[in-house]
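What follows is each chain in one-letter form.
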Amino acid sequence: MNTKRCILHSDLNNFYASVEMLKSPALRGVPIAVTGSMKDRHGVVLAKNMLAKRAGVQTGEVFWQAKRKCPDLVAVPADFPAYVRVSQAVRKIYARYTDRIEPFGIDECWLDVTGSRLLFGEGPAIAESIRETVLKECGVTVSVGVSWNKIFAKLASDMKKPNAVSVISPENYKETAWKLPASDLLYVGKATARKLSLLGIATIGDIARYDEGKLIQELGKWGKVLYEYANGSDSSPVKEMGETREVKSVGNSLTCYRDLEEEDEIYMLFLLLADSVAARLLESGMGRARTVKIVVTDRDLGRFGKQGQLEGPSRNAKEIADCAMKLFRALETKGKPIRALGISVCEFSGAEQLDMFGRTEREDRLERADGAVAKIREKYGNGAIKRATVLKDERLSEMDIKGAHIIHPEGHHD
Amino acid sequence: MQYEKVCVEVAAKFLRDGGMRPTALFWDDGRKFAVERVKYIEPAPSHVSSVLPVRYTCLIEGREKYLWFEPEELRWFVEVIHP
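Those protein sequence lines, which keep their order, are chains A and Y. Position one of the first sequence corresponds to residue 1 (the working numbering), numbered consecutively onward. Position one of the second sequence corresponds to residue 1 (the working numbering), numbered consecutively onward.
Incorrect hints may have been included.
Subject to a maximum C-alpha distance of 27 Å in a straight line, what follows is the list of computed DSS-like cross-link-like pairs (lysine-lysine) [stated by the list, open to error]:
(1) Y/5 to A/23
(2) A/23 to A/53
(3) A/179 to A/136
(4) A/336 to A/293
(5) Y/65 to A/23
(6) A/92 to Y/39
(7) Y/32 to A/136
(8) A/375 to A/386
(9) A/136 to Y/39
(10) A/174 to A/160
(11) Y/65 to Y/32
(12) Y/39 to A/239
(13) A/375 to A/306
(14) A/23 to A/161
Read the hints as simulated data drawn from the structure, not as lab findings.
Please model the complete structure; the sequences and the hints are all you need to start from.
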């Protein structure tokens, strides 16, 4: 038996759209876009099916823009509870084969089946069996990539879609993985791809054959990581199901159902997000955060980020939102309408200190208030108690960020 | 072929050690069909609108018929085929 690890990466094809087609079989054969709210025709395309993709519809555009490219496009409002239900059912199928399952977002998982081969056969056979079972039981398709490391497994799952199994093996990786563009590699974004192309690197093979030292010189420690990725020597393990990572940051982001222009609207959304971040921070038991980061996406899908320090370590929603707003004002968005906002906090103070004297009475009161709000929400739902500020826009205030937004892919490399 | 989702009233038995078996289904026009035997119970998609239903392969009047249960809605349905 092969002594190398056997890693699968399973990717649910056009996941949101596929679930919508289960809900309405009539949508098969029609280009569809899963959108945020469609009132005011301002819904943003969150996902699409193959037909819409072929017509050039892109995730992140506003529905009416997409509709110009694809006049028959049908908008379907997102139904996150249904997506979660299907995602969980599929993960239960994975769990029949291995207990080493690491989700990456709602629709992707890595599976380490190294120890399952005596029971279920080699990697490609397991992948084939998973593909069949998911379709037979859940009615959705997966593309499964098989390899000896997580990076190549993920590349493989992208090679053939939908409903397929692809293998990147030590025998064929030079003909398969190495031929793919460098930007296909996990975490090679636009900026890195640009830097690489300046070095004359176009494909993953180019990275692999490049001088490692020079790559590190050009890209810092990231260069070493990419070199390892490209050579198939990534050895990061697939986390066991339920294994918690060391939390390094807690964040939430939200694409708004309409573009925001006024500062007080933006502040309102920051408050909503900060509420959720503060609650998750409290749950995580990581203490208080020192740093706040914001990510702002404007109407043209340009992304800007900025980070800054809180006045003191805090997990108070209002202080986080105020800091986010300060960062936002310092950001050059040139008054463009804002499509999406994100807040994350990091640099935690660590588990609670027992020092009773170092904190002001005000901090205590704020935190007690936050704690009371958290309890009310736990008992009666996240919508049970709201900030008065956010009531200015009823629809915004109805968004249940903490409850609905369960989808935050974490970094693979941390 | 067109499939129509028709929700039906079902009588079911809950087993002491867990599990549920349909025993009869009632058509809207008053007809009643006894479920003679449940052959298979398995998660399986249908042709009609339903997310993650459970398919019961039943013997009804000597013929194999599919009866679906939707756990989320606590509801039974059959597919009516219009050729």
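Residue 39 of chain Y paired with residue 239 of chain A [C-alpha distance capped at 27 Å]: Answer violated: residue 39 of chain Y to residue 239 of chain A is near 39 Å, above 27 Å.
Pairwise hint evaluation, residue 161 of chain A against residue 23 of chain A, where the allowed Cα distance is 27 Å at most: Distance ~22 Å between residue 23 of chain A and residue 161 of chain A Cα, so the pair holds.
Restraint status (C-alpha distance of residue 336 of chain A to residue 293 of chain A at most 27 Å): 20 Å, holds
Distance restraint between residue 65 of chain Y and residue 32 of chain Y, which requires alpha-carbon spacing of 27 Å or less: 14 Å, holds
Restraint check for residue 179 of chain A with residue 136 of chain A, where alpha carbons must lie at most 27 Å apart: 33 Å, violated
Given pair status - residue 23 of chain A, residue 65 of chain Y, alpha carbons within 27 Å: Status holds; Cα separation ~22 Å.
27 Å limit on alpha-carbon distance, applied to hinted pair residue 375 of chain A and residue 386 of chain A: 13 Å, holds
Proposed proximity, residue 39 of chain Y with residue 92 of chain A (alpha carbon, max 27 Å): The hint holds at about 24 Å.
Proposed proximity, residue 53 of chain A with residue 23 of chain A (alpha carbon, max 27 Å): With Cα atoms ~20 Å apart, residue 23 of chain A and residue 53 of chain A stay inside 27 Å; holds.
27 Å limit on alpha-carbon distance, applied to hinted pair residue 136 of chain A and residue 39 of chain Y: 18 Å, holds
Pair hint outcome, residue 375 of chain A versus residue 306 of chain A [Cα-Cα no greater than 27 Å]: 32 Å, violated
Satisfaction of hint between residue 160 of chain A and residue 174 of chain A, Cα-Cα up to 27 Å: Judged against 27 Å, a Cα distance of about 17 Å means the pair holds.
The structure shown violates the earlier hints numbered 3, 7, 12, 13.
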